[in-house]
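Taken in order, these protein sequences are the chains called L and Y.
Sequence positions in the first sequence follow this note's numbering and run 254 to 636.
Sequence positions in the second sequence follow this note's numbering and run 5 to 81.
Keep in mind the hints are simulated off the structure, nothing from the lab.
Mixed in with the good hints, there may be bad ones.
[What the hints assert, rightly or not] DSSO-like, lysine-lysine: derived pairs with alpha carbons at most 30 angstroms apart:
1. L:Lys606 to L:Lys571
2. L:Lys499 to L:Lys364
3. L:Lys591 to L:Lys526
4. L:Lys328 to Y:Lys27
5. L:Lys533 to L:Lys499
6. Y:Lys72 to L:Lys606
7. L:Lys591 to L:Lys499
8. L:Lys571 to L:Lys526
9. L:Lys519 to L:Lys606
10. Y:Lys29 to L:Lys315
11. L:Lys328 to L:Lys606
12. L:Lys364 to L:Lys571
13. L:Lys499 to L:Lys526
14. Y:Lys29 to L:Lys328
15. L:Lys571 to L:Lys591
16. L:Lys533 to L:Lys572
17. L:Lys364 to L:Lys328
18. Y:Lys72 to L:Lys315
19. L:Lys572 to L:Lys410
20. Y:Lys72 to Y:Lys34
21. L:Lys499 to L:Lys410
22. L:Lys328 to Y:Lys25
23. L:Lys315 to Y:Lys27
24. Y:Lys72 to L:Lys328
[To be verified] Where chain L lies over chain Y, by a calculated footprint (3+ residues, C-beta under 8 angstroms):
25. 14 to 26
26. 55 to 66
[Stated by the list, open to error] Non-contacting residues of chain L with respect to chain Y, defined by C-beta distances greater than 10 angstroms in every case (computed):
27. Ala327
28. Pro489
29. Tyr601
Even glycine gets a Cβ: it sits at the ideal position worked out from N, Cα and C.
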Amino acid sequence: MASSFTATELFEAIESGEDFVLLDVRNEEDFSNFIVEGPNDIEMLNIPYFDFIIDPESSVAKVPSDKTLMIVCAKQGSSEYVASVLTEFGRENVSHLDGGIISWGNVLVSKRVNSDNDSYEMWQFNRPGKASCSYGLVYGEEMFLFDPSRNLAFYQKFAESRGAEITHTFETHLQADYISGSPLIAEATGATFVAHEGDYGSGIHEYRSIVDGESFEFSNEGGPSTLCTHSPGHTPGSTSYVIDEKFLISGDTVFIVSVGRPDLGKQVVEWAKTLYSTLKERISILPDSLIVLPGHYTDWSIEADSEMRIMNNFGAVKKYNEQIYGIDDVDEFVSYIKSNMREQPDIYDQIRKVNSGHLTPSNDEQNIMDLGKNECAASSKTI
Amino acid sequence: MTDYNEELDCSGMNCPMPILKTKMKIDTMKDGEVLRVIATDPGACSDMPAWTSRVGHELVENCEEGDKFVFYIRKGE
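Excised from the complex, chain L in its bound form:
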């Protein structure tokens, strides 16, 4: 029996820069649509598993013999098969990914964001398969979640490990690029689902509607406040959360690099103007010391800190995105947005319908819909 590794172990291998070859045995089309990516470059090889069925000998010969091999396929079966073929040909140090590419797509990596000395814990849950982040705020025996994915088991286990219960699950906006876990988590745990009516008003989920400027507190006194700041543009209901006057959970409004694209709703001029007002009147005025905790990232090498956390202070973010924050004319801003526009993946319409509750695919279908990197930033390349 060949050995296996989990998606978390794969991330750790990439993060620590281990020397291995990732052998992806899915067909070329699936491989070109979505690959394993992480904080370091990965030596990668795509040889479809059926090549090992058609001509095992020459397929094995294409695989480097002096490296550790980590094999990935769609669901696990084919990578196990290829591992067994390689082992028959005398190859050693061969293992396969438990649960296939879907488990990679769903894996969450947790990193503590605030100081160990604080009375509360702020956590970033990075989903490398989606290049997105959700967040957890723990105080006493309560945990607030922000923009969770569908990985209910992970969040429950995490809360348990902190001796807490999930009491609130906040959405920064109606996501288009991944299926939100908030409805699922609210149902499973009884947590209050908190969202803005600008995005969720026409949906069918039950939720607690946000009032701009209100603050959510933990039951026990002395905890960090969660201040809701309506920041429309990416979507009409986009809301950012200021935690303890120190952190900005910015959703898809402010990224470390770029800002959230306002063209996904197909009303590009109107939404771009709204985003301009939001950036000028509601975001730019925030203190430079605020730590931005974004919903997405595109480049680890720029957006992650030395501990591989996707975060930076707002002063640095403004400086890095001077091309955007420096625009002082609404028409110029609209032109900038338009010149950076690109197609959105077809699946986004479907995902929005799932997130608003108007479409309820099976779990397997949701897994497939939920696979693939996000396309949420207003500018696709590094500025």
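Following the hints, complete the assembly by docking chain Y onto the known chain L.
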């Protein structure tokens, strides 16, 4: 509907089994004969065309019948 010589039911199997079984079956057939393969794994939808073009068989037709995927493959020379 395409005429066929042999049939293979891979319902309930996950990859690599549908391709593996199809290869074994088609190896026993004559050139030009058609094999009808039934599968339930959605992975087969992209793998079957990729595999047939790789080995020189012809995917004559593929369709969905209820919750099953059906492929007609003509054995290449």
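Structure versus earlier hints, numbers of those that do not hold, lowest first | 1, 7, 18, 19 and 27
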